[in-house]
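Start counting the sequence shown at 729; every next residue gets the next number (my numbering).
What the hints contain is simulated information worked out from the structure, not anything from laboratory work.
Incorrect hints may have been included.
Claimed, not checked - Cut-off 25 Å, straight-line C-alpha distance, at most; resulting in silico cross-link-like pairs (BS3-like, lysine-lysine):
{"hint": "1", "residue 1": "754", "residue 2": "830"}
{"hint": "2", "residue 1": "776", "residue 2": "754"}
{"hint": "3", "residue 1": "849", "residue 2": "830"}
{"hint": "4", "residue 1": "830", "residue 2": "776"}
{"hint": "5", "residue 1": "849", "residue 2": "810"}
{"hint": "6", "residue 1": "849", "residue 2": "754"}
{"hint": "7", "residue 1": "761", "residue 2": "849"}
Stated by the list, open to error - Simulated DEER-style distance windows between Cβ atoms:
{"hint": "8", "residue 1": "820", "residue 2": "845", "range": "33 to 39 Å"}
{"hint": "9", "residue 1": "803", "residue 2": "870", "range": "30 to 36 Å"}
{"hint": "10", "residue 1": "816", "residue 2": "863", "range": "38 to 44 Å"}
{"hint": "11", "residue 1": "873", "residue 2": "838", "range": "16 to 22 Å"}
{"hint": "12", "residue 1": "802", "residue 2": "864", "range": "19 to 25 Å"}
{"hint": "13", "residue 1": "818", "residue 2": "787", "range": "36 to 42 Å"}
{"hint": "14", "residue 1": "861", "residue 2": "772", "range": "16 to 22 Å"}
{"hint": "15", "residue 1": "840", "residue 2": "773", "range": "16 to 22 Å"}
{"hint": "16", "residue 1": "769", "residue 2": "857", "range": "19 to 25 Å"}
Values in this document were obtained by computation on a predicted structure and should not be read as measured data.
Cβ coordinates follow ideal geometry from the N, Cα and C atoms, glycine included.
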Amino acid sequence: MKHPKRYDSTPEIRKRMSKVRLKNGKAETILAKRLWHEGYRYRRNYKKLPGSPDIALTTYRVAVFVDGEFWHGENWDERKAKLKHNREYWIEKIEENMARDKRVDGQLQEMGWTTVHFWEKQVLKHTDECLQIVLELLEKKNDQAL
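I would like the entire structure built from these sequences, with the hints used as guidance.
Encoded structure:
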């Protein structure tokens with residue numbers, strides 16, 4: 729039995745969607761390299777943890793996620809109202825992504841990890857501020873360990 733298509737797409741949409749990267753995006757790479765230059769070592773897309781954090785600082789038990797604005801529902805109520813094409817599909821898809829993000833954060837917290845989420849645009853436009861947030865968290869975690 730053939731599965732019904734969840735949505736119809738044009739060749740242009742398929743081409744655009746094929747460009748979407750799930751890991752090693754520009755923003756997470758920039759943040760990871762900045763952490764490396766600060767002397768912090770980490771795992772990228774660490775599959776041993778729920779949600780495969782973009783950056784996992786295992787020594788400090790800090791998981792950093794760099795979330796795409798569309799895929800993870802930034803300003804979701806406003807953005808949802810503007811959806812025109814395949815509306816039902818995208819609402820279901822993005823709301824499941826948002827629910828999964830909350831589930832993963834809860835699982836990580838139960839395991840003793842601290843999670844940090846940044847929007848992709850936030851990292852690209854304000855890299856220094858994002859880096860500072862992570863560094864302060866790492867210092868705090870280091871002080872607690874002493």
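Which of the listed hints are not met by the structure? Those not satisfied come down to hint 8.
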